[in-house]
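Top to bottom, those sequences are chains L and P.
So the first sequence is residues 1 to 158, counted in the working numbering.
So the second sequence is residues 1 to 179, counted in the working numbering.
Calculated from the structure, these hints are not laboratory results.
Glycine included, every Cβ here is placed at the ideal spot set by N, Cα and C.
Hints may contain errors.
Which stretches of chain P does chain L cover? Using the computed rule of at least three CB atoms under 8 Å from a CB of chain L, they are [to be verified]:
1) 14–25
2) 37–48
3) 51–57
4) 63–77
5) 118–132
6) 138–151
Computed cross-link-like contacts, SDA-like style, restricted to lysine to any residue with a CA-CA straight-line distance of at most 20 Å [claimed, not checked]:
7) Lys160(P) - Thr69(P)
8) Lys73(L) - Leu137(L)
9) Lys160(P) - Leu137(L)
10) Lys59(P) - Thr60(L)
11) Lys160(P) - Glu16(L)
12) Lys175(P) - Glu23(L)
13) Lys175(P) - Ser32(L)
14) Lys59(P) - Leu127(P)
15) Lys73(L) - Tyr132(L)
16) Lys160(P) - His17(L)
17) Lys59(P) - Asp4(P)
18) Lys59(P) - Leu2(P)
19) Lys160(P) - Trp11(L)
20) Lys59(P) - Leu137(L)
21) Lys160(P) - Leu127(P)
Simulated restraints, written as ranges between beta carbons of each label pair [unchecked claim]:
22) Val87(P) - Lys73(L): 43 to 51 Å
23) Ala121(L) - Val87(P): 55 to 63 Å
24) Arg13(P) - Gln99(L): 44 to 52 Å
25) Thr69(P) - Ser80(L): 42 to 50 Å
26) Ser89(L) - Leu24(P): 49 to 57 Å
27) Glu27(P) - Glu64(L): 17 to 25 Å
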Amino acid sequence: MKSIDDRRTPWQVVEEHLLHCDECSTGQQDLSALARILNDSPGPPLDAELLRDRCLAALTPRLEHLSTPARYKRLLAALSPALLPLPLSLAWAAWLLVQLHGVVSAWLPGEVATLLVAGQAAAVSLLFAATYAALPLLLEQSGPGSTILNSRGERSIP
Amino acid sequence: MLSDEALVSALARGEQRALGELMLRYEHRLPAFIYRQTGGRDVDDIYQETWLRVLRGAKVFDSSRRFSTWLFQLAVNLCRDHHRRRVVQDRGENQARDQAAVPVPQTSNELSAIDRRLDAQTLLGLLDERHREVVLLRCFEDMSEEQAARVLSIPRGTVKSRMHNAIVRMAAVTKGEPG
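Chain L extracted, bound-state conformation (with noise of 0.2 Å):
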């Protein structure tokens, strides 16, 4: 007797083992009674569709985050009014540069004055990246669904 979807019964996996296995076959024990249980057990009380709907209700949020569209819109949300005044916090920041050049430079040669200013510039470049940079990382952190809360109303494992 297979089940519905075609796998064999538990004692049919029992039987297999036993023709197989050395130790069972020697064993010479009267397996009627279990093979009775395994067969005529019925399954857990689920209902399995229930759960399915609950859990897809709670991860369709976290999925929608995860689409590929959806989240280049999100980028693309978040990115453009961070990316407009891009040009002038650039321009001010070089600006800034320049008379910081100038100011160094009346004390210290020129060529000291013009490495500690590209030291500066440096490390403006780095922050201006890392800030640029972590903004997806924050969308990912942000976005809808990114917590999902069990039964408890405890925060899932992470």
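Since chain L is already given, all that's left is putting chain P on it; use the hints.
For chain P alone, kept in the frame of chain L given last:
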């Protein structure tokens, strides 16, 4: 019909239908496995957590592997975590009450006296976690020794010997039962 593995690739692209289809395919098997492994405790949470992990791991899933192996690996690990948490919770708390709620008979006479409705779930309850995992994957999920070994990350020989020990244990308990 798309394979499970193709559906995982679609899921990685955020296709909601792929998740629905995968859930439908494992609608009965997965919750039944979790129920039998945990004795019916927190099935909802473990089920949801398993699918959440599928969702999170879909992008890095190696499509040359079988999806069912991965799915049951996730479920087995979550059931083990659940079991560990239960042990910690039970310790010093409501151990006596819990034991009363899920009676674990020791001998066939006790079984006959306590409960004539001896069923597979009670038998599984008599096995320790490691043996129960093997019986569930082999007998109730109809996995081969090879596949069960992959799910549990143990050698095939260990699957075989655990299966043997489990049968011996279950047979000893059912000896007094009418066939």
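Going down the list of hints, with the structure as the test:
1. 14–25: holds (count 7)
2. 37–48: holds (count 7)
3. 51–57: Coverage by chain L holds for the region 51–57 of chain P (3 residues, Cβ < 8 Å).
4. 63–77: violated (count 0)
5. 118–132: holds (count 5)
6. 138–151: holds (count 5)
7. Lys160(P) - Thr69(P): Given pair Lys160(P), Thr69(P) holds - Cα atoms ~18 Å apart, limit 20 Å.
8. Lys73(L) - Leu137(L): holds, 15 Å
9. Lys160(P) - Leu137(L): Violated, because 47 Å separates the two Cα atoms, which is more than 20 Å.
10. Lys59(P) - Thr60(L): Cα-Cα ~17 Å, so holds.
11. Lys160(P) - Glu16(L): The hint holds at about 12 Å.
12. Lys175(P) - Glu23(L): Measuring from Cα to Cα gives roughly 18 Å; hence the hint holds.
13. Lys175(P) - Ser32(L): holds, 9 Å
14. Lys59(P) - Leu127(P): violated, 36 Å
15. Lys73(L) - Tyr132(L): holds, 16 Å
16. Lys160(P) - His17(L): Satisfied, since the Cα-Cα distance of roughly 8 Å is no more than 20 Å.
17. Lys59(P) - Asp4(P): The hint holds at about 14 Å.
18. Lys59(P) - Leu2(P): holds, 18 Å
19. Lys160(P) - Trp11(L): holds, 16 Å
20. Lys59(P) - Leu137(L): holds, 17 Å
21. Lys160(P) - Leu127(P): holds, 15 Å
22. Val87(P) - Lys73(L): 43 to 51 Å: holds, 46 Å
23. Ala121(L) - Val87(P): 55 to 63 Å: Roughly 59 Å apart at Cβ, these two residues keep to the hinted range, so it holds.
24. Arg13(P) - Gln99(L): 44 to 52 Å: holds, 50 Å
25. Thr69(P) - Ser80(L): 42 to 50 Å: Because 44 Å falls inside the window, the suggested range holds.
26. Ser89(L) - Leu24(P): 49 to 57 Å: Taking Cβ atoms as reference, Ser89(L) and Leu24(P) lie about 51 Å apart, which means the hint holds.
27. Glu27(P) - Glu64(L): 17 to 25 Å: holds, 22 Å
Hint violations for this structure: numbers 4, 9, 14, all remaining hints satisfied.
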